[in-house]
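Residue numbers (UniProt numbering), protein chains in the order written: chain A, 1 to 174; chain B, 1 to 246.
Please note: incorrect hints may appear among the correct ones.
What the hints assert, rightly or not - Some chain B residues close to chain A (C-beta under 10 Å, calculated; not the full set): (1) R88; (2) H117; (3) A166; (4) H169.
Unchecked claim - SDA-like, lysine to any residue: derived pairs with alpha carbons at most 25 Å apart: (5) B:K48 x A:L171; (6) B:K48 x A:R68; (7) B:K6 x B:D190; (8) B:K6 x B:E83; (9) B:K150 x A:P18; (10) B:K74 x A:V104.
It should be emphasised that the hints constitute simulated quantities derived from the structure, not laboratory data.
Every residue, glycine too, gets a C-beta built ideally from N, C-alpha and C.
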Amino acid sequence: MNPTPSQTVGPFYGYALPFPGGGDLASGGIAVHGYVYDGAGDPVPDALLEFWQPDEHGSLTGSPGTMRRDPTNGAVLGRDGVRFTGFGRVATDLDGHWALRTVVPGNGYISVCVFARGLLHHLYTRIYLGQDAFLDSLPPERRQTLVAVEERDGVHRFDIHLQGEKETVFLDFG
Amino acid sequence: MSEPLKQADIDQEIAARAGEQGDHPARDYAPYRSTLLRHPHQPLVAIKDPEAAELAGPVFGVSDVTPFDNDLTKQHLGEPLGERITVRGRVLDRQGRPVRGQLVEVWQANASGRYLHQRDDHPAPLDPNFSGVGRCLTDDDGNYLFTTIKPGPYPWRNHLNAWRPAHIHFSLFGTSFTQRLVTQMYFPGDPLFPYDPIMQSVTDERARQRLVADYVHDLSEPEFSLGYRWDIVLDGPTATWMEEGR
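Looking at chain A on its own, in the form it has when it is part of the complex:
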């Protein structure tokens, strides 16, 4: 069967898709944060990032949901902050900034899916926290776009450039 075509997430997903604590995969681990930039070097204030990663031991089997709801009106109250699901979802703020609290993934990378107004089909990339054979297969100048920079102990910076000289490597899974 032929797939249903992708369409942009648009600018107004903001009250529908992100949820409180969407970037809190786990506490007591590391922080990963950064900015999303367009081809003019301007921050993208209406991007939505999704993350997927294994736990410290490499397991991709997380808890099947940790969201708390308001019993009166059903509103989402956020995650319980204890159980690890491996899935995160964060919108960029008006400065194009996003942040994630998580644990070091056992496989060495955090998978990222990028949505935004103007992106008709989402993009995949990866945040590497160390060396890897796949990174070694890339030209050195491009390799760096997939590697987070440790700003200080436990805080990693990863910027995403949708276009331009510093364009991030985006991935195709066939």
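Starting from the known structure of chain A, arrange chain B on it as the hints suggest.
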């Protein structure tokens, strides 16, 4: 300030790209102006690792959705304004197998074409009884169902007199991170289709038709709602299907 682009300019650009092949839109579809600075110029890098984390499914789910989340008309004390509709369909993979127990999320404008969002300044009324957000999980046959109201068309600033056809945004998880899909469902017979660069970004006519729901009279509920049917086929690698799919 330069003159704003006119519909005729956009029409020409749309016509020049019509008939290109491909199931998904190109990211560099210029008639939709926001794509210009937001598409990568470098080719994507293929990942051929059978152990890739992306081939497993994101865990968001079962305990995060309540049975009431799929009725967008029941989120406030009063009834929302507009034409009440039910939207049903199946979520399938490319082999036609049901995608079970997966999260489907929707968001949409109200009947007047206004989103409940700070930055939507379209001068149409907000509806105090409609937020326009819904969630559900697919059942064992891959079925989903939403009760909502038909969203209105609305203007945007892509070019002079740009209006979006009425649509409902859909977000779908699959059984792997690579099956992830965000798309839009359109309503049959909308006169705005040919003018809309977002819909026309799907340049293959048959592929574009897959974005349009069918009105099915038998699915209309007496004295309650008009029924639409829209099936969704997720892309993604074939290696990820599991007999016991979540």
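Status of the hints after comparison with the structure:
no. : hint           : result
1   : R88            : violated (15 Å)
2   : H117           : holds (4 Å)
3   : A166           : violated (14 Å)
4   : H169           : holds (6 Å)
5   : B:K48 x A:L171 : holds (10 Å)
6   : B:K48 x A:R68  : violated (38 Å)
7   : B:K6 x B:D190  : holds (21 Å)
8   : B:K6 x B:E83   : violated (32 Å)
9   : B:K150 x A:P18 : holds (23 Å)
10  : B:K74 x A:V104 : violated (41 Å)
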